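Now for the letters of each chain:
There are 4 protein chains.
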Amino acid sequence: MNELEQLRIRISDFAMQRDWNQFHSPKNLSMALIVEASELVEHFQWMSEKDSFSLPKDKLEEVGEELADILVYLVRIADQLDIDLSNATRKKIKSNEAKYPADMVRGSSKKYTEY
Amino acid sequence: MNELEQLRIRISDFAMQRDWNQFHSPKNLSMALIVEASELVEHFQWMSEKDSFSLPKDKLEEVGEELADILVYLVRIADQLDIDLSNATRKKIKSNEAKYPADMVRGSSKKYTEY
Amino acid sequence: MNELEQLRIRISDFAMQRDWNQFHSPKNLSMALIVEASELVEHFQWMSEKDSFSLPKDKLEEVGEELADILVYLVRIADQLDIDLSNATRKKIKSNEAKYPADMVRGSSKKYTEY
Amino acid sequence: MNELEQLRIRISDFAMQRDWNQFHSPKNLSMALIVEASELVEHFQWMSEKDSFSLPKDKLEEVGEELADILVYLVRIADQLDIDLSNATRKKIKSNEAKYPADMVRGSSKKYTEY
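Chains as they are written, first to last, in the working numbering: chain A, 1156 to 1270; chain B, 1156 to 1270; chain C, 1156 to 1270; chain D, 1156 to 1270.
Rather than coming from a laboratory, the hints here were simulated on the basis of the structure.
None of these values were measured; they are calculated from a predicted model.
The reader is advised that the hints may include incorrect statements.
In this list, chains with the same sequence are indistinguishable; a pair is considered to hold if it fits within one copy or across any two.
Straight-line alpha carbon distances no greater than 30 Å define the calculated DSBU-like cross-link-like pairs of lysine-lysine that follow [what the hints assert, rightly or not]: (1) Lys-1246 x Lys-1214; (2) Lys-1254 x Lys-1265; (3) Lys-1246 x Lys-1205; (4) Lys-1205 x Lys-1265.
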């Protein structure tokens, strides 16, 4: 069984055992997810880009926890909507590879629509 | 090889071939991630919780793409910081299971600090 | 002198006296602003829409502080970019009034592009 | 009449004429606000801090519109909750002035809790 599927089951069990499905509407979960995303942003808000590469060990630990929180809500919301997160992601990467041909966009951060 | 590790390699190659690592500081990636998270939120902002469970097919497709975008940036930022996303997530879930004992929190959305 | 202009001056003095302008790039301030916005979202994430209208007094106080934090960063970022926030807002409202004619959009939450 | 109060009335009329109060729960408005905040963040995500100070004219115009959108939702949510945004902001600034004494925090971006 693939990894995201294992996570899906474990997180679903977690919610069910706590009777939390009633709170886990996709709408609410999208809010919870962005709250976790902003806890990630908070770590970096006053930091230079350069410093953001080399976090002190305790900060790095905290950032790892924020990333985990985001993944948990991501897997949960996909589950509540019956979206296959693995498939959706592989499909999106393929589409990104087509939209941003390496030879055209090399070294540029412009949005693909500007090409 | 596990799935998140496969994604990590593929997304890393994608960035390298486009010479985009220069833009992919953890600081910048945290911004990109929250922008994608808010595109998810946008789908649900005027929708009832109930309706958010049963999206029309085209909306569902779009939401799947937003979820994929979030996962891509999540994997990328973990990679840039040398964080093992699988481990971090399993550790966090374990810690959540301890913080929110099923018997104490059943049916309540209060934060664990309030217990 | 108008109110937003008074706020602008007071907040600018506050930053200058603390030598904080060095951190207040528009990029960083946009991050700080969204972090405050998400603290607002956090108050409502597990709450029904109905309950979100009638907050208990201590929650209401906290929400008021989040709104204030957002306004402070909003005024600051406009200041750092020499944007006249009053003018920009009046202009935007006028444009919204034209984009969403009352007779066409009454009772609908569709985006104006769908009309 | 002060400026934020004028905005409050105008925006309230705007919503009422379109029968949009039904969508404007504080919960939904917090989502709409963070979506606008992230459109602001999007402008800066791949930009250096330095470049974020000197935007080209068309970008500056767009950023002004995002700031306006944020202010509109901020005023709206305060209105729906009967929060006096002017008072809340003046109170918060006063509290910030006390929490971050200029002599102690000069030139440092640490959070006040670390002092």
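Failing hints, ascending? Failing hints: none at all.
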